[in-house]
Amino acid sequence: MLSNQKYTSKTSISLMLLGLLPFISAIYYLQTYDFERGLAIFIHYSAIILSFIGAINWGRNDLEKSPKLFYLSVTPSIIAFSAFFLDFPDNLSLLAIGYLVAWLIDFFLLIKNKEFLAYIGMRSIITISVIYLHIYLM
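The sequence shown finishes on residue 138 if you use my numbering, and the numbering steps up by one all the way, no holes.
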């Protein structure tokens, strides 16, 4: 079970799943009420979350002091910010690619440590879900 390992808990799993609600709510809003506003909400929330994912590695670098980790940690934020300069659906494509890149960064940085296997599994499930929601809107 995912919640049995050191870096996962029922709380972290619940919070991660709750993080999907704004994506789903924005899709509901754009399909039911106002497409433009709902899409803007979706894109802005997506960019914020993608930037946050990169910031996690920035925080890890406080201990590791690796220039490579600094570069990798800002990559998701740069991708997220760049999406604001694109039109629909290219902005969604870039954000989806950004989530894949962020997942690959985490995967290759954490796979060596067995303690993070459950976290990687949890991140994989949520990343696939978020990428699917981006593709769904295209």
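Where hints are given, some of them may not hold.
[Claimed, not checked] What follows is a set of in silico ranges between Cβ atoms, one per label pair, in the way DEER data are often shown:
#, residue 1, residue 2, range
1, Tyr33, Phe81, 33 to 41 Å
2, Phe88, Ser9, 36 to 44 Å
3, Ala40, Leu117, 20 to 28 Å
4, Phe52, Tyr28, 19 to 27 Å
5, Leu104, Asp34, 20 to 28 Å
6, Glu115, Leu86, 33 to 41 Å
7, Met138, Lys112, 32 to 40 Å
None of these hints come from the bench; they were simulated from the model. We treat Cβ as the ideally placed atom computed from N, Cα and C, and that holds for glycine.
To see whether the hints hold, each was checked on the structure:
Here the CB-CB span from Tyr33 to Phe81 is close to 27 Å, at odds with the stated 33 to 41 Å. Phe88 and Ser9 have their C-beta atoms about 37 Å apart, which keeps the hinted 36 to 44 Å range intact. The hint said 20 to 28 Å for the Cβ distance between Ala40 and Leu117, and at roughly 37 Å that hint is violated. Here the CB-CB span from Phe52 to Tyr28 is close to 23 Å, well matched to the stated 19 to 27 Å.
Here the CB-CB span from Leu104 to Asp34 is close to 35 Å, at odds with the stated 20 to 28 Å. Between Glu115 and Leu86 the beta carbon distance is about 38 Å. The supplied range of 33 to 41 Å therefore holds. For the pair Met138 and Lys112, the beta carbons lie near 35 Å from each other, so the given range of 32 to 40 Å is met.
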